[in-house]
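With the UniProt record's numbering, letter number 31 in the sequence shown gets 31, and the count goes up by one each step, no holes.
Hints were generated in silico from the structure; no laboratory data involved.
Treat the hints with care, as some may be off.
Pairs of lysine-lysine, DSSO-like flavour, derived with a Cα cap of 30 Å [said to hold, decoys possible]:
#: 1; residue 1: Lys-263; residue 2: Lys-301
#: 2; residue 1: Lys-371; residue 2: Lys-263
#: 3; residue 1: Lys-105; residue 2: Lys-165
#: 4; residue 1: Lys-263; residue 2: Lys-303
#: 5; residue 1: Lys-371; residue 2: Lys-300
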Amino acid sequence: MGIEGLLWLLLPVAAASGWWAAQKKHKRGTTPSPQWGRTPFPDDYIHGLNYLLTDQSDRALDVFIRLVDVDPDTVETHLILGNLYRRRGEVDRAIRIHQNLLEKKDLQGRHRAGALLELGRDFMQGGVFNEAERLFRDLLALGYFKAEAYSQLRSLHEQEKEWAKAIAICEQLAEVTDEPQNVLIAHYHCEIGEAAFAMAETERGAEHARRALSFDHDCVRASLLLADIAQSQGNSRQAIDHLRRVLQQDSRFAALALERAGKAFGFLGDDLGLEQFLYETLEYDTSISAALAVIEQLLKKQKREALDQFLEQQMNQADVSLRLVLAYLKHRGARRLGGHFEVRERVVDALQRFLEDRPLYHCQTCGFRSKTHFWHCPSCSQWSTVIPNTKGPQTRVDSVLPKLPPN
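All chains should be modelled from the sequences, with the hints used to inform the complete structure.
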């Protein structure tokens, strides 16, 4: 059953349960009447059902809210109802339900805390961050759901890009949960450091990068930032040292070090050093970026024999990326195709058009794909999950090239 069906069922059930609870409360302490079980529903309830059946949801919601009498047995039902509205994107209705609960004076303790939490989530989804923050801090004052309140505040400060506040919240969250916060804190320091570097505050940028590494020794982002800062100061050797550390920290991000390495070695005029760095990166890189960089470097230095050997080696792997197939056809394929340049050019053109708009990065958590890299996934909001594509799409070379006799 979808959310729409659940709402259709829960709305009258919530009102009926609230009315039933009120009947029990009013009867409490008196002698039960044999007629009590047959007490008719109020006219408002029948009107509410009619509104719901005729698709007048707002009027139905107004009627049912009037019928609600808060009781420990009914609070959860109304919280669920409000959550379903929020999940469906109807934030205004969710707010009305949760605010109605909080207006009840006899709603106390954990139930009041639950309503505060859900109302805060409503305002978060609606983009009313000031009100959401106030509600989450009220929740913390009650002493309930601390971990969830801190998590919501952390998310709020992320969206507002208030990184220093997010760091402070992470430190408080670490005191009430076993969930590690070090990776997030490192990213927040990198956010501050990158902003400082962009404003030419290089020392402040470097300080936050070093702080990031103190929280997460494997923070690739911090090493890349330190490499950028060192290169901006003309210290290419130091930049290269930072880039080599990236290969040790997390091989998934080896591709992000390649362009920076090209600039650093180029500044030094050290072509041999760059070539060695690229071959070193090949051992770590889970994408094809290093292989493509080696091809580009060998072409630049006109090392035809080494290029041919490298291309053949890459094409003899069990699975070959289409981007490597394209490189092979452009730089080696003419001889394999026996001089049929027209055939080669048509294949090259088709592959180039196919690949030019293909995403280069993907999120390991939600599958989001992009041509540019993000440290914070725009889709699922996870950190360090958007990585360069691995060696794919997986395509056998013999599925692309025809069977030809050797030259």
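The hints, checked one at a time:
no.	hint	in the structure
1	Lys-263 with Lys-301	16 Å, holds
2	Lys-371 with Lys-263	21 Å, holds
3	Lys-105 with Lys-165	33 Å, violated
4	Lys-263 with Lys-303	21 Å, holds
5	Lys-371 with Lys-300	25 Å, holds
The earlier numbered hint that this structure contradicts is number 3, and it is the only one.
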